[in-house]
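S.K.: Go by the hints and put chain Y onto chain P.
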Amino acid sequence: MTQGGEFVTLASATVRSERHGPPGSPQDKRSRPVNRNAGTWFLVLPALIPILILSVGPLLYGIALAFTDAQSGRTRSTQWVGGLNFQDLLHDTLFWDSFRIGLVWAFGVTVPQFVLALGLALLLNQKLRMRWLARALAIIPWAMPEVVVGLMWRLVYNPDAGVLNETIRDLGLGDGRDWLTGLATALPAVIVVGIWAGMPQTTVALLAGLQNTPHELHEAAALDGAGAWRRFRTVTWPVLRPVALSITALNFIWNFNSFALVYVLTNGGPGGRTRLPMLFAYEEAFHYGQFGYAAAMGCVMVTVISVILAVYLAGRLRGGEDR
Amino acid sequence: MSLRTSRTARAGQYAALLGYLVFLAFPFLWLISTAFKPARELGSLHPTWIPENPTLDNFRKAFDEQPLLQAAANSLIAALCAAFIAVLVATPTAYVMARRRSRLSTAATGWVVISQAFPLVLLIIPLFLILKNLHLINTLWGLIMVYTVWALPFALWMLVGYVRAVPAELEEAASVDGAGRLRTLVSVTAPLLAPGIVATALFAFITAWNELFFALVLLKTPEKQTLPVVLTHFIGAEGAADLGPLAAAAFLATLPSLVVFAIIQRRITGGMLAGAVKS
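As given, the protein sequences belong to chains P and Y, one line each in that order. Numbered per the numbering used here, the first sequence spans residues 142 to 464. Numbered per the numbering used here, the second sequence spans residues 632 to 910.
The shape of chain P in the complex, shown without the other chains (with noise of 0.2 Å):
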C-alpha cells in the first residue's frame, strides 16, 4: 500500500511540475524541488537495479572473462591472462571461417530481406484486394518460435518428403537435392530461411514508414508527369531514409548474432559450412567449457561488428547532408 501512495503522489507531481514548463527547459528543471527527484528514483529503481546487477553487471564480467582463463567444472582458480586468448583467437582459422561465415550470413539475409520487404511494404500501401490476407500471413514468421521456423523449413527442405524437391520434381528440373546437408547449398539455404523468418518486422516497419509519406506530393508530383520510379526517388525515399537505416542497421546485427534458427537448421554443418560464430562460441563455451575463450569470441564479435556499423551509419549519415 506504502507503494502505491508513493506512485500516486509522483504521478500528480509530475502532473503539477508539467504546468511549469515544457519538461526538459530549463524553467522545468528550476522548478522542479528536491524530494520529487527522491520519489522518482524510487519508483524507477525496481527496474533499473535488475538490469543492473542481471544486464549491465555480467556484461562487463563476460567482458573480463575474456581475459582470464576460466573453465567450466575446473576446481582451481581462474587466472588473469592478458590478451592470451585473444592472441590465440588471431590464430584461430576455424574462428575467422565461422566469422566469415557469419559476415556472409548477416549480408546475405539483410539486403534481400530489406529490398523484399521494401516491395511487399510498397504493395501493401496499395489499395489492393488481397492485402488483408498479406498482412494477416505477415504475421505468421513472426509470431513462430524461431525453433519451430527450422523444424519446419526442414521439412520443406527434406530431400525426399519435402515440398521443395517435390516440385522440383513436378517442373521436371530434376531430382532436388539434399539442400541442408550439401556443401554448396547449405548457407544460401538456412539464408533463405533467414529472409523469411525475419521478412514481418522489416515490412511492417517500413509500411509505418511509408505511411507518414504525405499523399498530397505524390499527387502534386503525379502532376507534374513524374513516373513511379521518380515518385518513389524523390518523395517516398526521403521519407524512408531513417526507418530504413535503422531497421537494416539493427538487423544486420541480429542476424549476425543469431544462433535458434541455424542451430536447428544445420547446427553449423555441413563441415561447418553454416556454423555462425554464435554456434561456434556456444559449442566453445557449453561443450568444451572455455568460458574465457568463448569470452574473448564474443568481444571480438562486438568490436567488429561496431565499427562495421560505424562506417555504415556514418557514411549513410553523411549521404543524406549532401542531398
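Do not rely on the hints blindly, as some may be mistaken.
[To be verified] Some chain Y residues close to chain P (C-beta under 10 Å, calculated; not the full set): (1) R641; (2) A647; (3) L660; (4) T686; (5) L687; (6) A725; (7) L753; (8) I756; (9) L758; (10) I837; (11) W840; (12) L874; (13) L877; (14) T885.
These are computed hints drawn from the structure, not numbers from a lab. Ideal Cβ positions, reconstructed from N, Cα and C, are used throughout, including at glycine.
M.R.: Structure of chain Y alone, referenced to chain P:
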C-alpha cells in the same frame, strides 16, 4: 486511390503480391499438411499437399516421444512470470521516464539499443556462473530471472511510448476538475494505458515462450526444459527425424503465439514505433 495506375502496372502488382503470398504461406501450409499425414505418405517419394488419409497419429506419437505437456507447462510458467514481473516493475519506471525527460530515460533508451548489439554469449557465460553460485541452474526460477531482465529494456521502451501517447493535459484537466491524485491516475490514466500494458506483457510473454538460447544453456534435465528446447529433441542425433511427430509438435507449439499475436499485432507495432519515434 487518386493516382491513376495503368492496367499493366496493376496486373504486375497483383502478380508480385501473389508471389509474396506463396513465399510467406507455403512453408506453414506444408507444416500443417505434414502434421496430418500418416507415416506411409511421409515415406512416399511424391508427397502431396493434401494428406490422402489425414490422421492424428503424429500428434499422439509426438506426445509419446517427448514430454510435450510438461515442457509446455514449464514454458507457460516461465513466460507468464517473466511477463508479469517485467511489466509490474517497468510500468512505474516508464511512467516517470515518459512524464519527465531526463538523462536517465535517454540512457535507458540507449541501453535498449546497445543491449541488442551484444552477442548473447557475452551475457550467458557470466549469468551461468552467477546462477550456478546461487544454485539456480536447472531451475525455472533462474530462467525467469534471466527472462525478466531480458524483457525489461524492451518493455520500458514500449511502455514509455504508450505513456507519452496519453496526453498529460488529460491528467491536468482531471485534477483541475477536482479529482484527487489517486482518482486521476485510476480513472484517467490507467484505462488509457491498460491496452498498452497488456500489449507489452503479451509481447514479453511471446518473447520468453519462443526463446531457445538461454533455456538451452540453463536447463539440463528433460522435466525442467521449456518447449523450444524439447522441440529440438525431435531432430534425431544424426539429424534424421521422424517427420510426422516433428511437424505435429511444431504446429502445436506455434498455436499459442499465433493466437496471442493475432490479437495484439497492431498494438505491438504501434508501441514499438511510438517508442522509436518519440524517444
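S.K.: If a hint holds in the structure, say so; if it does not, say that too.
M.R.: Going down the list of hints, with the structure as the test:
{"no.": "1", "hint": "R641", "result": "8 Å, holds"}
{"no.": "2", "hint": "A647", "result": "6 Å, holds"}
{"no.": "3", "hint": "L660", "result": "9 Å, holds"}
{"no.": "4", "hint": "T686", "result": "15 Å, violated"}
{"no.": "5", "hint": "L687", "result": "18 Å, violated"}
{"no.": "6", "hint": "A725", "result": "8 Å, holds"}
{"no.": "7", "hint": "L753", "result": "4 Å, holds"}
{"no.": "8", "hint": "I756", "result": "5 Å, holds"}
{"no.": "9", "hint": "L758", "result": "5 Å, holds"}
{"no.": "10", "hint": "I837", "result": "7 Å, holds"}
{"no.": "11", "hint": "W840", "result": "7 Å, holds"}
{"no.": "12", "hint": "L874", "result": "6 Å, holds"}
{"no.": "13", "hint": "L877", "result": "6 Å, holds"}
{"no.": "14", "hint": "T885", "result": "5 Å, holds"}
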